[in-house]
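Q: So the protein sequences, as listed, match chains S and R. Each residue of the first sequence is one higher than the one before, starting from 1 at the first, in this note's numbering. Each residue of the second sequence is one higher than the one before, starting from 1001 at the first, in this note's numbering.
Bear in mind the hints are in silico, worked out from the structure with no lab data behind them. All values derive from a computational prediction rather than experimental measurement. Hints may contain errors.
Quick list of simulated restraints, FRET-style, between CB atoms [to be verified]:
hint, chain 1, residue 1, chain 2, residue 2, range
1, S, Ala621, R, Glu1081, 22 to 30 Å
2, R, Ala1054, S, Val17, 16 to 24 Å
3, S, Ser135, R, Ser1092, 22 to 30 Å
4, S, Arg441, R, Glu1081, 54 to 62 Å
5, R, Asn1204, S, Thr628, 57 to 65 Å
6, S, Ser135, R, Arg1123, 21 to 29 Å
7, S, Pro37, R, Gly1059, 56 to 64 Å
8, S, Val20, R, Pro1118, 29 to 37 Å
9, S, Val20, R, Asn1204, 37 to 45 Å
30 Å max Cα-Cα, derived DSS-like pairs, lysine-lysine [stated by the list, open to error]:
hint, chain 1, residue 1, chain 2, residue 2
10, S, Lys76, S, Lys547
11, S, Lys738, S, Lys258
12, S, Lys76, R, Lys1071
13, S, Lys76, S, Lys89
14, S, Lys322, S, Lys263
15, R, Lys1201, S, Lys75
Yeah, the Cβ is synthetic: ideal placement off N, Cα and C, and Gly gets one too.
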Amino acid sequence: MKLTRRNFLSWAGISAVGAVGCDIFGKDGEELRLQSPVMQPEDLVKGRDNWYATLCRQCPSSEGVLIRVMEGRAKKVQGNPNYPVNWGKQSARCDSGLQALYHPERISGPMRRSGARGSGQFAPITWEQGLDTLSAELSARGDGLLLITEPMRAHPALISSRFADAFGGRHLGFEPLDQTTYRAAVKSVYGQDLLPDFDLSHANFLLSFGADFLSTWVSPTRWSVGYGNFRHSEGRTERGTHVQVEPRFSMTAANADKWVPIKPGIEGYLALSLAHVIISENLQAASADVNALTSGQGLAALDNFSPEQVGPILDLPEAMLKGHSPADWIRELARDFAGHTPALAIGGDSAAAHSNGRFNLEAIYALNYLVGSVGEIGGIQMNPGSPISDLPASSAVGTLADWTSAAGDIRDGRTRMLMVHTADPVYGLPASAGFGDALNRDDLFIVSFSPFMDETTAMADLVLPDRIYLEDWGSDIPEPAPGYQVLGIQQPVVNPLSDLDPRSFCDILLSTAQELGHDGDLPWDSLQAALRETSDALFALNRGSVKATSAGEFWNNLLRQGGWWDERETGPTPSTPNGLYNQIASRAAQPSYSGEGLYLMPFSHNTLLDGRNTHLPWAQAAPDPLTTIAWQSWVEMNQRRMEEMGLREGDIVQVQASQGSITAPVYPNPAMRPDVVGIPLGQGRRNGPEYATAGDERESSNVLSILAASQVEGTGALAWASNRVQISATGQSMRLVKFEGEFTSREIGNQIDNNPAEEIIKTTSPGEHH
Amino acid sequence: MLPLALVGLLVTAIVGFILVVLAISWFSNPPFGLGNAPPQPIAFPHTVHAGLPAEGGVGIQCEFCHRNVTKGAAATVPAVENCLFCHNQINSENVVAETSVDLAEVQRVVDRFNDNNPIDWERVHRLPDHVRFVHEAHIRFLTQGESREVTLPIGDEQPMRLPLPVGESCSVCHGNVAGMTEVQPQTGQSLKMGTCVDCHKTNNVATDCTICHK
C-alpha cells in the first residue's frame, strides 16, 4: 500500500484505538494486587524524630551536636545549644559527618593483607580471626608497640595511653599541623599546660598574628560566635576592631578591619616592637607589671626592638604606610592596641610554623600582660583541669622530632608493631621525615582501625574498622575549654547499617587487654562502662550543670544534655612571670628557610582541614571561602606576579621545593604578597575512597609531601612555613572548578599602583570606628 | 483507494469498538473482574476473623489488621507476620481438636511466613489512579464530632446516627465485611464519581475537582 497522507492518518487512528483497546483489555497484574509483605514494616506511617546529644568528631574541637534520628537513621546534625564550646552553632565539617556515616566506601569488616605491603590488596576475615591475630601479635611484639591515634582527650586518651603502657609500648597522637609550638608558648608565657580561651565577645581590639581562627585554627566555631559578639552585640558601645597580621590573605584576614601583609616569620619582631612602644610611651595597663616583665630593666630589655630598628624588616607595602615611616606605623598600631582595652593579642598557624615560631608566639602572647588582658574579661581565659583527676584534658601529640625518632625506632627494630587509629602519618608527614618509607618492612606488623582506606591503612597487615562516632560511645574535655570545666559525652545515636560490621576501637582495646591479662589499669568491660563510672563520680561531686537525685537519673540527664560543665570551676589567673621579656628577647631570631624562591604558605583547607575530610563529598564540594574553588588543589599567587611570569588562571605549575615537587593549577589573587604562594592542604591522596582519590596529580596534590623536615627551634614541631619554592609553568592548563564564575578577581575602589596586595586592604584603620 | 463500503465498515467497527470500551468502563467497577470477588491466593474468611463471637467469629477489629486505616490514605493489608501473631499457635501442628477451621489454608499462611514469601492479594476495591481517597479523613467524619443523624447516599441509604464506633464506620461504605466469607463490593455501590459527589453534597463537603482528583 502506498504511503499517502490519508493512509497514514488511517493507520495512526487504528494504532491509537488498538493501543487503548489493548490497555483496557489487558489485565495489569501488578496494579490489581495488594501485597502483604512477610515482615511488618517498621511503624513508618508518621515519622517521629528523636534528637540525641552527642559530640562531633570531624575536627579536633569536638563540638557538641544534636543528631536528628528518624526511623533509626541519622538525618541531620545541628549544634547543641547547651554545649558551652559552640553554643548551638556548628561548622560545615559537622554537617558532612553524616556522609562519613553513610559513606559507600566504608570498610565493612575486618580484613587481612593479601598482597605486598602497600599494594592495597586485602582479603576479608571474620572478627574472631581478626581479634585472634591482634592478640597473637600483641603477645609477641607488644613491648615494641607504637599506638598512633588522632589527638585524643578524656576517656579515649586514657584507654589508649594505658593500653600502650600496659604492653610496654608508647601512645602518640598525630596531626599534621600540630599545636605543639602554641602549647610551648602558652607554657612559657602563662605557665599553663592547657590551651587558653579567648573572650572575643568582650574584647574591643583584636590583634591576631597568623591565626586563621575563624576558619580552621584550634576552635573556629567557638571563636566565630565570639567574633559575632565582638563586632556587634547587645550592650556593646563600640564595634570591636580587628587587625590581622599575616603574609597570606586568609578567611580571617578577609574579615579583619585591616590586613597587614607582613614579611613571613617576622611577627615576633613586630610584637616586641609594639611592646617597646607601649613601655616607652607608658601606654601599659595599670595592672601591668613592667618591672617584673623586664626583670627591672624596663625599656632596656627591648633595646633591639625599637620601631626604627624593626620597621624596615617588616617589609610593609608603601600603600599601607600612606607616606608614614614603618616606625610611625608601628607606633600608631601600638597606641590603638593599648588604647582600646580590653585588647587581645593572639597568634598561631604560620606565625608558629617558622623556625623561630616559638619566639614569635611568645612575643605575641606576652603583649597581653602589657594591656592587662591575662585572665580578665575580654582577654585570655585560662582553663582548669579535668573534673576527674586521671582523665587527660589535653591531647598528647607527637612532634616532628618524635616522628623522626619513631621512624628510627622502626628501622632499628625497636618498634615492631604499629596500631593506628584515624590518623594518617604516611600522608600527613613530610616525605623527607622518612616515616612512610620506614613502614615498608616485613618484620613490622601494622594494624589499622580506620573505617576508611587511607595511605597508612593501605600499608597495614590487619584492618579492624572502627565505628563512626555516631555509632559509638566517647567523651571529650574540650581544648580549649570555655574557661571552666567541661566534660562532653558522645553516645551512639544509630546502629551501623546492616551491611557493615565495625567494632568500637576502645572496646577492642579493653577486651584485648583483658584477654591478655593486661587489664590492671583498664578494669572496664567497655567504653560505656568507663563512661558510666565517670558519670557516677561526677554525680558524687554534687556540682555542675547536670541535676539529678540518683546516679541513674544523673546518667540519663548527662546523655540528654550532651555533657557536664561547671561554670564556677574556672581556670587560674597566672601571675606575671619575672623577666619574661628578657627571655623572649634573647630568643629573637630571623626565620631560616629550605629552598629558594617564593615563601610557601601551606594552609588548612576550610572543610577538608589537613586532609582528614577529603573522602566526604560535601566537604570536597564546599567552595573555599575566598577563592571559591572546590574539589581540587590550587596555588594562590599574586596576580601581578603571575602576569609577569606569563601565567594565567588554571595554568598548571610545578612547585619545586628543596624536598620534591608537586603540580597544581594556579589561581590569581590580588590579595597576596608577591613573594608568597599559598597552597591548601587536603588533596593528593592516592589510597582511599574515590571522592578522595579521583583527582589526578595535576589537580590533586599533597603539599605536605614536599615540605622539608625542619623543626621549630625549642619545640621539635614541624616548621611547615619554612620552605621556599620555585614556580614554573608546565605548559598545561585546566579550568578551575570554582563558584565565582569566569570573572577575574579585581579590586573595588580606587586604583592603587603599588603593591597589588594593598588594593583590597580595607580603608578602616584602627581607631576609626564605623 | 479503499472502496467506500470498506471505509464505512471500518468506521462502524471503530465507533462500535469505542462504544464497547466506554460501556465496559462505565458498568464495570472498575474495568473487568472487580464486580465479583476475584479468587484470592489464600481463602481468608472475614467471617471467622472479624465476625462477632456470637456469630462464630473472633471479633478482631478492622484496624487491628488494616493498621493504617485511621492514620493515612490507604487502609493497607497486614504483613504476613501479623497473621502469625495468632497462627503461630493456631495451625495444623497445634490444633488437634475437631474444628471447622480449614487448617490446610492456615498452613499456607504459615508456610508463606517460613518461606519468606509475600502474599499477593487480589484487589477488591480499586479507584482509578487519578483519584485520591484518604481513609483517615472519612473515618474521622464518621467517628468524631457531635451527635447527629444523617442519611448517606450509599449502601442501603438508611438514616444513621453519627458518630459511629470505628469498627462500624468501615461498613458504611464496605458493607458488612464481617459477614462475608469472600469480600465483595457492597451491593449496589459503584465507587464511581457520582457516589463521592452525592455524599459530599449531602454533607456540605467541598466538591472542587482537586478535593479528589490528583
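Q: The structure should be examined with respect to each hint, and the outcome stated for every one.
A: Status of each hint after checking the structure:
no. : hint                                : result
1   : Ala621(S) to Glu1081(R): 22 to 30 Å : violated, 42 Å
2   : Ala1054(R) to Val17(S): 16 to 24 Å  : violated, 56 Å
3   : Ser135(S) to Ser1092(R): 22 to 30 Å : violated, 51 Å
4   : Arg441(S) to Glu1081(R): 54 to 62 Å : holds, 56 Å
5   : Asn1204(R) to Thr628(S): 57 to 65 Å : holds, 58 Å
6   : Ser135(S) to Arg1123(R): 21 to 29 Å : violated, 59 Å
7   : Pro37(S) to Gly1059(R): 56 to 64 Å  : violated, 26 Å
8   : Val20(S) to Pro1118(R): 29 to 37 Å  : holds, 32 Å
9   : Val20(S) to Asn1204(R): 37 to 45 Å  : holds, 38 Å
10  : Lys76(S) to Lys547(S)               : holds, 28 Å
11  : Lys738(S) to Lys258(S)              : holds, 26 Å
12  : Lys76(S) to Lys1071(R)              : holds, 26 Å
13  : Lys76(S) to Lys89(S)                : holds, 13 Å
14  : Lys322(S) to Lys263(S)              : holds, 18 Å
15  : Lys1201(R) to Lys75(S)              : violated, 44 Å
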